[in-house]
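Q: With chain S's structure known, arrange chain X on it following the hints.
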Amino acid sequence: MTEYILHLLILITIYVLLAQSLSLTTGFAGMISLAHAGFYGIGAYATAILSVNYHLPFILTLPIGMLFCGIIALIVSIIALRIVDDYFIICTLGIQIVIFSIMNNCMSLTNGPMGIPGIPSIVIFGIDFSSKFLFLILCLGLLISFFNILRKVIKSNFGRVLIALSEDEIYTQSTGKNVYNYKVIAFTISAMIAAVPGVLYAHYITYIDPSSFTVDESIFILSIVIIGGMRNLWGILFATAFLVLLPEALRFVGLPNNIAANLRQIVYGIILIAVIFKSGSNFSIFKKKN
Amino acid sequence: MSQVIFNILYSSAIISLLAVSFNIIFISAKFLNLAHAAIITFAGYFCYLFYYQLNLSIWFASAIGIAFSIIIGLIIELIIYRSLRKRKKSASLMLITSLGLYVILQNFISMIWGDDTKTIRISDVKIGNEILGVYYTNIQLATIFLCISLFILAILFLQFHKIGKNIRAVSANSELANIQGINSNLIILWACGIGSALSAVAGILVSLDTGLSPVVGFNLLLYGVVAMVIGGVGSYWGLIWGALLLGSAQHLTAYAIDSKWMNAVTYIILILFLIWKPLGFSGVRLKKTEI
Chain S
19 MTEYILHLLI LITIYVLLAQ SLSLTTGFAG MISLAHAGFY GIGAYATAIL SVNYHLPFIL
79 TLPIGMLFCG IIALIVSIIA LRIVDDYFII CTLGIQIVIF SIMNNCMSLT NGPMGIPGIP
139 SIVIFGIDFS SKFLFLILCL GLLISFFNIL RKVIKSNFGR VLIALSEDEI YTQSTGKNVY
199 NYKVIAFTIS AMIAAVPGVL YAHYITYIDP SSFTVDESIF ILSIVIIGGM RNLWGILFAT
259 AFLVLLPEAL RFVGLPNNIA ANLRQIVYGI ILIAVIFKSG SNFSIFKKKN
Chain X
3 MSQVIFNILY SSAIISLLAV SFNIIFISAK FLNLAHAAII TFAGYFCYLF YYQLNLSIWF
63 ASAIGIAFSI IIGLIIELII YRSLRKRKKS ASLMLITSLG LYVILQNFIS MIWGDDTKTI
123 RISDVKIGNE ILGVYYTNIQ LATIFLCISL FILAILFLQF HKIGKNIRAV SANSELANIQ
183 GINSNLIILW ACGIGSALSA VAGILVSLDT GLSPVVGFNL LLYGVVAMVI GGVGSYWGLI
243 WGALLLGSAQ HLTAYAIDSK WMNAVTYIIL ILFLIWKPLG FSGVRLKKTE I
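Those sequence lines, one after another, are chains S and X. Using this note's numbering, the letters of the first sequence map in sequence onto residues 19 to 308. Using this note's numbering, the letters of the second sequence map in sequence onto residues 3 to 293.
Treat the hints as calculated values from the structure; they're not laboratory data. Mixed in with the good hints, there may be bad ones.
[Claimed, not checked] Partial pick of chain X residues on the chain S-facing surface, computed with a CB cut under 10 Å: (1) 85; (2) 93; (3) 104; (4) 105; (5) 108; (6) 143; (7) 147; (8) 215; (9) 217; (10) 265; (11) 270.
[Unchecked claim] Per the computed footprint, the stretches of chain S lying under chain X, defined by three or more beta-carbons under 8 Å from a beta-carbon of chain X, are: (12) 61 to 71; (13) 137 to 146; (14) 239 to 250; (15) 285 to 296.
Because the structure is a prediction, the values reported are computed rather than measured. Each residue gets a CB set at the ideal place from its N, CA and C atoms; glycine is no exception.
Next up, chain S with everything else stripped away, as it sits in the complex (with noise of 0.2 Å):
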């Protein structure tokens, strides 16, 4: 029981990272992406290649993996982010195919459907991170560090302007701001710090296929941060606790396993549309009270 109650903890800690990551490209800088699970994907790959072809260690898969989703984000986000609104969710969601397309039919780099097995356990100056609580208390410790670091971010000038240009893009170039590339560096913030959890999940798991980085889950990760409160960091927190939380539940009711799945996804489906229902006429939904 204390090892479910443990998995159950590290999973919520895992998304609540992906998830406040999100938060500072469609919370903050108001732009809506779809591709986030392929971020999260391409963290997870990074790290299981480096570690099962080339041996290498956590402490360094980590900062390459964080740095080549950030050097992909860099290069998708100057293509993409010269389009706006619809558009932009569209390109995303194409980018978010495309890069599962790549992890599902490239046999040689990332063996295709079937996946990368044998993903070795963390390793940190000879502290072995394979028992769930270590591994717990490492997330925990991650996330912290990031959320920090996030909150640091936010408040910053740089944050300050992001928060302009989503509410007002053409006023806040007026004063002189250079909106796409505060965009850009956002988006490329906001990929690398995904790369994490994608990094600790495949390390948890220990085995990664492409099915856990589809179209499906970018849009799980976007209605937790619409649920959340597009700008709340700690709203996120209780959103993805509640979400995850939720199947296990159902679980519990005595539902089958496949449709406890079905009802989980219609059920974060209505929260998200009475979200919407509920928000105000612009991006900000739960707007923070001054």
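A: Coordinates of chain X only, in the frame set by chain S:
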């Protein structure tokens, strides 16, 4: 090679029908309605339900399937989109709503019918007919014929029928249309009905040819959206060119490299177009930002 050309023709016909069905809703309601994907899937599953599980004739089953799809499209518009529009939500939020709706409907389908692939057979399995080295089935031939004629009908409808003209009026400027006495809510409802009907036909035809799974609609719809974007919204010739380009790209990829890269190539084309030619072939400008 002639087989490739036939396949291109087949895909392009379906994609153009999907593109026009999506386009009708998009130009009038002015947001990308991704819940449309669920309507395509629903049409196929209703057809499966009435033909296979209730043993009705295929024509009757298709008719009921189309009717039910229209009803679902109208209900979504009446209950959800209309009230969101009344609350003045931005187009991006409407898009997210439609994604949420898609998730709900798709999971509803897989809850009822399961996740496995269903096939609808209306005749015995055979190799298919052959002319000039091209193998085809009767359904594929009927699909090409039906899709092209429905596409032309839809365009004639938009161009000459009173409701079609009103749809174009609402798409050009809904406030001015309202002043002229056109009820834009009613017109959007009409557009949703017509769009749903057209996409339902495409959904049923595809499910007869290649089978059904709960996610079949999303891929099809995205092809339609891509064709619409590369063709340029609001231009009928653009839609045809977009569909042809997409169909050719997909099947030439399948012919030259491997069919598993078809999706990637589709979206790479979309991304390239969005970057270098965001207005599509036709270059008709959509009002995205107004100062």
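Q: All hints, please: hold or fail.
A: For each hint, the structure was consulted:
Of the supplied interface hints, the one on residue 85 of chain X holds, with its beta-carbon coming within about 7 Å of a beta-carbon of chain S, less than 10 Å. Residue-level restraint check for residue 93 of chain X holds (minimum Cβ-Cβ distance to chain S is 5 Å; threshold 10 Å). A least Cβ separation of about 8 Å between residue 104 of chain X and chain S falls short of the 10 Å threshold, and the interface hint therefore holds. For residue 105 of chain X, the interface hint holds, since its Cβ comes within 10 Å of a Cβ in chain S; the closest pair sits about 4 Å apart.
Annotation: residue 108 of chain X was flagged as interfacial toward chain S, and the flag holds, the nearest CB pair being 8 Å apart, inside 10 Å. Taking 10 Å as the C-beta contact cut-off toward chain S, the hint placing residue 143 of chain X at the interface is violated, the least distance being around 31 Å. Of the supplied interface hints, the one on residue 147 of chain X is violated, with its beta-carbon coming no nearer than about 31 Å to a beta-carbon of chain S, more than 10 Å. With its C-beta approaching chain S no nearer than about 14 Å, residue 215 of chain X sits outside the 10 Å limit, and its interface hint is violated.
Look at residue 217 of chain X: its Cβ gets to within about 9 Å of chain S, closer than 10 Å, so that hint holds up. Checking residue 265 of chain X against chain S by beta carbon gives a least distance of about 5 Å; that is within 10 Å, so the hint holds. Interface restraint check: residue 270 of chain X against chain S, minimum CB-CB distance 6 Å, threshold 10 Å, status holds. Remark: the region 61 to 71 of chain S is not confirmed as covered by chain X, as 0 of its residues place a Cβ nearer than 8 Å to a Cβ of that chain, below the required three.
Three residues within the 8 Å Cβ limit are the bar, and the region 137 to 146 of chain S against chain X gives 0, so the coverage statement is violated. Remark: the region 239 to 250 of chain S is confirmed as covered by chain X, as 3 of its residues place a Cβ nearer than 8 Å to a Cβ of that chain, reaching the required three. With a cut-off of 8 Å between beta carbons, the region 285 to 296 of chain S has 7 residues touching chain X; three or more are needed, and the interface restraint holds.
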